[in-house]
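Enquirer: As a plain string of letters, each chain reads:
There are 2 protein chains.
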Amino acid sequence: MPETTLFTKTKTVSIGLDRPFTIIGERINPTGRKMLAAELAAGNLDRVRRDAIAQVEAGAHLLDVNAGIPLVDEPALLAECIKLVQSVVDVPICIDSSIPEALERGLEVYQGKALVNSVTGEDERLERILPLIKKYGAAVIGISNDETGISEDPDERFIIAKKIVERAIDHGISREDVIIDPLAMPIGAMASAGKSLLALVRRCHEELGVNTSCGASNISFGLPDRPALNAAFLAMAIAAGLTAAITNPIEPDIKSAIMATDVLLARDENCLAWIRAHRKAKADAGETQASARERRA
Amino acid sequence: MPETTLFTKTKTVSIGLDRPFTIIGERINPTGRKMLAAELAAGNLDRVRRDAIAQVEAGAHLLDVNAGIPLVDEPALLAECIKLVQSVVDVPICIDSSIPEALERGLEVYQGKALVNSVTGEDERLERILPLIKKYGAAVIGISNDETGISEDPDERFIIAKKIVERAIDHGISREDVIIDPLAMPIGAMASAGKSLLALVRRCHEELGVNTSCGASNISFGLPDRPALNAAFLAMAIAAGLTAAITNPIEPDIKSAIMATDVLLARDENCLAWIRAHRKAKADAGETQASARERRA
Numbered sequence: 060m061p062e063t064t065l066f067t068k069t070k071t072v073s074i075g076l077d078r079p080f081t082i083i084g085e086r087i088n089p090t091g092r093k094m095l096a097a098e099l100a101a102g103n104l105d106r107v108r109r110d111a112i113a114q115v116e117a118g119a120h121l122l123d124v125n126a127g128i129p130l131v132d133e134p135a136l137l138a139e140c141i142k143l144v145q146s147v148v149d150v151p152i153c154i155d156s157s158i159p160e161a162l163e164r165g166l167e168v169y170q171g172k173a174l175v176n177s178v179t180g181e182d183e184r185l186e187r188i189l190p191l192i193k194k195y196g197a198a199v200i201g202i203s204n205d206e207t208g209i210s211e212d213p214d215e216r217f218i219i220a221k222k223i224v225e226r227a228i229d230h231g232i233s234r235e236d237v238i239i240d241p242l243a244m245p246i247g248a249m250a251s252a253g254k255s256l257l258a259l260v261r262r263c264h265e266e267l268g269v270n271t272s273c274g275a276s277n278i279s280f281g282l283p284d285r286p287a288l289n290a291a292f293l294a295m296a297i298a299a300g301l302t303a304a305i306t307n308p309i310e311p312d313i314k315s316a317i318m319a320t321d322v323l324l325a326r327d328e329n330c331l332a333w334i335r336a337h338r339k340a341k342a343d344a345g346e347t348q349a350s351a352r353e354r355r356a
Numbered sequence: 060m061p062e063t064t065l066f067t068k069t070k071t072v073s074i075g076l077d078r079p080f081t082i083i084g085e086r087i088n089p090t091g092r093k094m095l096a097a098e099l100a101a102g103n104l105d106r107v108r109r110d111a112i113a114q115v116e117a118g119a120h121l122l123d124v125n126a127g128i129p130l131v132d133e134p135a136l137l138a139e140c141i142k143l144v145q146s147v148v149d150v151p152i153c154i155d156s157s158i159p160e161a162l163e164r165g166l167e168v169y170q171g172k173a174l175v176n177s178v179t180g181e182d183e184r185l186e187r188i189l190p191l192i193k194k195y196g197a198a199v200i201g202i203s204n205d206e207t208g209i210s211e212d213p214d215e216r217f218i219i220a221k222k223i224v225e226r227a228i229d230h231g232i233s234r235e236d237v238i239i240d241p242l243a244m245p246i247g248a249m250a251s252a253g254k255s256l257l258a259l260v261r262r263c264h265e266e267l268g269v270n271t272s273c274g275a276s277n278i279s280f281g282l283p284d285r286p287a288l289n290a291a292f293l294a295m296a297i298a299a300g301l302t303a304a305i306t307n308p309i310e311p312d313i314k315s316a317i318m319a320t321d322v323l324l325a326r327d328e329n330c331l332a333w334i335r336a337h338r339k340a341k342a343d344a345g346e347t348q349a350s351a352r353e354r355r356a
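Chains U and D, in that order, are what the protein sequence lines are. Just add 59 to wherever you are in the first sequence, counting from 1, and you've got this note's numbering. Just add 59 to wherever you are in the second sequence, counting from 1, and you've got this note's numbering.
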């Protein structure tokens, strides 16, 4: 089984099928978060600090950090966010940008072995980003699309995934350090999106011998009751071999579904994490009731 | 893809991978339900009637009917329950007993093509029950254990499943009319139970070409937050190819997880059932609020 190992100066996280499922906290990303975007643009990183702490407390093993805001100096802002996050929590970072210069600045300041999000299948992107991964000894998420867009055909997406893995190996990057993102598309727009993703996850695992990660929330875009769909989707994808997801551990349905899969796949020894979480939830509920009683008194 | 087709006088239900997941309502079973057991022993079938209607309203495609109470004439009681259920709802019945005479009486009175729950891998059971299945043109659930008990080893359980399918074919029963129950064991007692089950479901589908069904609630026995575990377990098993489960459609977590898998596997056209259920839940919540306002007024 491949294991992707990432670290900070003092802490190591391994991603793999024999490990508890890896949660990459998605919150430090201004896309779709107007308030965070405005604050970041004004140089205020308070929310980044709070989001880092809250996600790690909620069980994130890694944190995705993205500073993609129009008209800002993204490389400088991303580097600043990474330094801040590394100063307040001790988990590896997934350095997230579509701009190679920002990825490079992030890699320069990051202390440890980072995950880079992401490279796609275009030759130009591969030749720009893979040398950075090699130079900084990082790992990389490869997204299975290219200049032709995102294919509905899982076989075409598999070919792109294979190309990314092979090209990374050509660049001296080990197979373990490539994680494929098979792309969760909105099922409301593409009915086959779920089946395609499950098939791709299985093939990446069985035929390419690589780990997989995906942005799990996209699948339910535009549909009602998104947390319930996301939770079922994660359980299904994990059963097919998905090893990590960029998602929100603060969302109870998501967190509970992921912890349940660890129990069901014998990755939670003696179900201790599950039982402990249940006791904590009960204790927290008790505290809430007690403080409500105090307020009434 | 195999399709197991069951029917009443007027309604057909097909179980298979290309169909929405099949929910077999579990409630009409006195095991662990003291009140129901006492009422049935006294000849009072009111609760059976109510449970039949409520489960079908909640989305059950079939109803399991079990009348196993110590010291009663189980064949007569089971036959009575089946006649009652067929008089109030129009879904096929899963005739459930460990006593062959009860199964036979049930098959005699059932109108249509029933599912029989169950036969195990012992020669004596196979030779007693399979001729009944053939005689009445029914389908049967084969449970992958035998006189040696329930093995922890999924390979041993697969051998028993294979034996049941082959023996059924020897008796002139078609492969489509055998559904294997790979046995969900409590994960709290057997950490490998989830992985074994997923492996068996895949092999039954790929190597035996048969549908699978399981009692889904057993997996979480003894652990806290059972609905969350059961929901994740069902999503994982369905991703592996499980086609039916004996479960409780009235439990919202279970129902929601199953409906989500139908969306995610493109079995819910245009996500209509999902969207309709969401609207109904909203309307019901609105009604509850409105009637609360009326009560206050």
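These are computed hints drawn from the structure, not numbers from a lab. Any given hint could turn out to be false.
Since the list gives no way to pick out one identical chain from another, each pair is judged satisfied if it fits inside one copy or across any two copies.
Here are the simulated lysine to any residue pairs, SDA-like style, with alpha carbons at most 25 angstroms apart [claimed, not checked]:
1. 194 to 307
2. 254 to 267
3. 254 to 336
4. 221 to 94
5. 222 to 160
6. 221 to 231
7. 254 to 158
8. 341 to 209
9. 222 to 130
10. 172 to 71
11. 142 to 231
12. 68 to 254
13. 254 to 75
14. 339 to 307
15. 254 to 118
16. 70 to 98
17. 93 to 285
18. 172 to 343
19. 222 to 96
20. 172 to 116
21. 68 to 147
22. 93 to 167
All figures in this text were calculated on a predicted structure; none of them were measured in a lab.
Enquirer: Against the earlier hints, flag every one the structure doesn't satisfy and list their numbers going up.
Expert: 1, 4, 7, 8, 9, 11, 12, 16, 18, 19 and 22
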